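Numbered according to full-length UniProt numbering, the sequence shown spans residues 1 to 114.
Hints are computed from structural coordinates only; laboratory data are not their basis. The model shown is predicted, which means the values in this text are computed figures rather than measured ones. Incorrect hints may appear among the rest.
[What the hints assert, rightly or not] Restricting the straight-line Cα-Cα distance to at most 30 Å, the calculated cross-link-like pairs of lysine-lysine (DSS-like) are: (1) K63 to K100; (2) K63 to K24; (3) K26 to K92; (4) K26 to K63; (5) K17 to K83; (6) K100 to K65; (7) K17 to K92; (8) K17 to K100; (9) K17 to K63; (10) K65 to K26.
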Amino acid sequence: MYNPEYLERPYVIILNKIDLPEAKDKLQSLTQEIMRIGNNGAASEPKPCSEVLDPLSDETDRKEKRLEDYPRPLSVVGVSVLKGIRINEMLKEIRSALRKCSDSKEALAFGVPP
1 MYNPEYLERP
11 YVIILNKIDL
21 PEAKDKLQSL
31 TQEIMRIGNN
41 GAASEPKPCS
51 EVLDPLSDET
61 DRKEKRLEDY
71 PRPLSVVGVS
81 VLKGIRINEM
91 LKEIRSALRK
101 CSDSKEALAF
111 GVPP
């Protein structure tokens, strides 16, 4: 099920179980660390999904990439699904990410009807 092209798509990272005391203490530093991973321009201007969904035409594009070669997440949200903590913030960030996919092909890639 793994597709390396998924790593090129815009994404939101959801950190669950923040209701645990040790998770609460580490949430801010973990969020900052995650947001430092990846290349600089990607968080504000991710590649359009339609560009990412097209098959790679050149074998040179298939070279092995490092973590820094991929886009940063659009956001990182800590939640507790069990206790309902920050669920609305998570949904807001997901909606925002979906809005960044402007054409119907992009929306379909995320399972949203055009």
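Comparing the hints with the structure gives:
no.	hint	verdict
1	K63 to K100	holds (27 Å)
2	K63 to K24	violated (38 Å)
3	K26 to K92	holds (23 Å)
4	K26 to K63	violated (35 Å)
5	K17 to K83	holds (9 Å)
6	K100 to K65	holds (24 Å)
7	K17 to K92	holds (19 Å)
8	K17 to K100	holds (27 Å)
9	K17 to K63	violated (36 Å)
10	K65 to K26	holds (29 Å)
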